Amino acid sequence: MAFLDDIEARLIAQGVVSTGWTLRKAYHADAPDQLIIISEIPAATGFPPDYFATANEQLMFQVRVRAARLDYTAGRLKSQGCFNALHGASLTGPPFYVYIMALADGPRPFYDPEDRPNFTQEYKVLKVRG
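Counting from 1, one number per residue, gives the positions in the sequence shown under the numbering used here.
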């Protein structure tokens, strides 16, 4: 399974992707309104290269939650659900994820041009290579 597939599976298993919500990987579509998007953050903005050739790989990704027009509460609750499902998690595999850690205590909220509330949160991951 690819990295974002593993994150998707975690969100589904934890019940975050509920009725009325759609989960997409890296694609920011105009529709539907209630959307969870997971995107990998390029290594250049994440961690330095592994100069010591250890058995671990350090990755980063972003979760973006977009709610229906002017529905801040639903978007914020869904964003919190993503945080609860991911932050501090260890996933057994293979592959094995030693931890997933949010890079801030809460998401960054903003409204898009359609008045839909959006919430973004970045995470870092320590993955065992192999």
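No lab work stands behind these hints, which were simulated from the structure alone. Note that the coordinates shown come from a computational prediction; the quantities given were computed from them, not determined experimentally. Note that CB positions come from ideal geometry on N, CA and C, so glycine has one too. Honestly, I wouldn't trust all of these hints.
What follows is a set of in silico ranges between Cβ atoms, one per label pair, in the way DEER data are often shown [as the list claims (entries may be wrong)]:
id, residue 1, residue 2, range
1, L23, P113, 20 to 26 Å
2, E114, A2, 38 to 44 Å
3, A2, L70, 32 to 38 Å
4, H28, Q80, 20 to 26 Å
5, P94, A31, 32 to 38 Å
6, F96, L70, 22 to 28 Å
7, A29, A74, 16 to 22 Å
8, L23, Y111, 36 to 42 Å
9, K124, L70, 30 to 36 Å
10, P109, A2, 26 to 32 Å
11, Y99, P42, 16 to 22 Å
Status of each hint after checking the structure:
{"no.": "1", "hint": "L23 x P113: 20 to 26 Å", "result": "holds (23 Å)"}
{"no.": "2", "hint": "E114 x A2: 38 to 44 Å", "result": "violated (30 Å)"}
{"no.": "3", "hint": "A2 x L70: 32 to 38 Å", "result": "holds (35 Å)"}
{"no.": "4", "hint": "H28 x Q80: 20 to 26 Å", "result": "holds (21 Å)"}
{"no.": "5", "hint": "P94 x A31: 32 to 38 Å", "result": "holds (36 Å)"}
{"no.": "6", "hint": "F96 x L70: 22 to 28 Å", "result": "violated (42 Å)"}
{"no.": "7", "hint": "A29 x A74: 16 to 22 Å", "result": "holds (18 Å)"}
{"no.": "8", "hint": "L23 x Y111: 36 to 42 Å", "result": "violated (21 Å)"}
{"no.": "9", "hint": "K124 x L70: 30 to 36 Å", "result": "holds (32 Å)"}
{"no.": "10", "hint": "P109 x A2: 26 to 32 Å", "result": "holds (29 Å)"}
{"no.": "11", "hint": "Y99 x P42: 16 to 22 Å", "result": "holds (21 Å)"}
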